[in-house]
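Position 109, counted from 1, in the sequence shown is what the working numbering calls 109; the numbers after and before it change by one each time, with no gaps.
Keep in mind the hints are simulated off the structure, nothing from the lab.
We put the CB at the ideal spot given by N, CA and C, even for glycine.
Do not take every clue at face value.
Derived pair list, reagent style DSBU-like, types lysine-lysine, alpha-carbon separation capped at 30 Å [as the list claims (entries may be wrong)]:
#1 K2 x K174
#2 K6 x K159
#3 K169 x K153
#4 K169 x K2
#5 K174 x K153
#6 K135 x K175
#7 K153 x K126
Cβ-Cβ distance ranges computed for the label pairs, FRET-style [as the list claims (entries may be wrong)]:
#8 E156 x L77: 16 to 26 Å
#9 H160 x G105: 31 to 41 Å
#10 V11 x Q150: 14 to 24 Å
#11 N128 x M164: 16 to 26 Å
#12 T82 x N172: 14 to 24 Å
#13 Q53 x G105: 38 to 48 Å
#14 A73 x S137: 17 to 27 Å
#15 S137 x T67: 38 to 48 Å
#16 P163 x V11: 13 to 23 Å
#17 M61 x H107: 34 to 44 Å
#18 W103 x M164: 37 to 47 Å
#19 G105 x R47: 25 to 35 Å
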Amino acid sequence: KKIIGKKTDIVTSGASSSIAVMAAASSPDLFGSLIMITPESPDEMIRRPRPSQIALSRLMMMPLIGTFAYVLASSRLMIDQTLGQMDLGRTDRDRDDMAAAFWEGAHLGGPDARFQFLSRLGAYTKINVIFALKKLSNPICIIYGSEDPQAEKTLEVYKHFSPMIRSLKIQNTKKRPHLA
């Protein structure tokens with residue numbers, strides 16, 4: 001509020017969309033438009049963490065074990081394998097550049113970088129956004145890939161709670177149209 005000095009537009013993707021929706025609902029005077037790229041369905045966000053997720057996140061909180069596990073999970077080899085499993089329609093050079101950028105991003109902040117990973121792993125980013133969606137008057141746009149089998153259903157759930165939502169379908173893309 002004090003730094004930017006005016007309403008801010010937010011672009012999110014995936015699970016981080018719930019955080020942006022809740023922030024905009026709690027402080028509408030700080031936010032302009034919300035652009036959500038392939039957000040998780042509100043139905044999916046309602047789910048509570050499973051006991052196994054809670055146990056794993058507690059284990060990851062331990063400094064030595066958590067840092068070691070995070071370093072392994074965010075290693076260049078694991079990032080390369082994960083990107084290899086995604087059909088992004090990119091060249092090997094593009095994929096290498098993406099892997100390098102992901103690896104760098106995963107290690108900013110040193111050992112404390114594991115806490116964001118831990119939040120996802122423990123399903124702590126899942127928030128019931130339904131009441132916030134009903135309350136929002138901000139313009140919302142959902143961007144999704146034409147070949148994502150869940151996208152249309154997710155869009156309909158969002159529009160049920162906030163009819164003002166607009167959408168943009170990116171042709172010939174799947175779950176990650178912003179990476180295509």
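Outcome of the hint check:
1. K2 x K174: Not satisfied, since the Cα-Cα distance of roughly 38 Å exceeds 30 Å.
2. K6 x K159: The hint holds at about 27 Å.
3. K169 x K153: The given pair, whose Cα atoms are some 13 Å apart, holds under the 30 Å limit.
4. K169 x K2: violated, 35 Å
5. K174 x K153: OK: K174 and K153 at ~14 Å, within 30 Å.
6. K135 x K175: Status holds; Cα separation ~27 Å.
7. K153 x K126: holds, 18 Å
8. E156 x L77: 16 to 26 Å: violated, 39 Å
9. H160 x G105: 31 to 41 Å: Cβ of H160 to Cβ of G105: about 34 Å, so the range 31 to 41 Å holds.
10. V11 x Q150: 14 to 24 Å: Given a distance of about 20 Å, which is inside 14 to 24 Å, the answer is holds.
11. N128 x M164: 16 to 26 Å: holds, 20 Å
12. T82 x N172: 14 to 24 Å: holds, 22 Å
13. Q53 x G105: 38 to 48 Å: Violated, at about 23 Å.
14. A73 x S137: 17 to 27 Å: Violated - the Cβ-Cβ distance for A73 and S137, about 40 Å, lies outside 17 to 27 Å.
15. S137 x T67: 38 to 48 Å: holds, 43 Å
16. P163 x V11: 13 to 23 Å: Check passed, 22 Å falls within 13 to 23 Å.
17. M61 x H107: 34 to 44 Å: Since M61 and H107 have Cβ atoms about 19 Å apart, the given range 34 to 44 Å is violated.
18. W103 x M164: 37 to 47 Å: Once the Cβ atoms are compared, 39 Å apart, the range 37 to 47 Å for M164 and W103 holds.
19. G105 x R47: 25 to 35 Å: holds, 27 Å
Hints 1, 4, 8, 13, 14 and 17, counting from the list given before, are not met by this structure.
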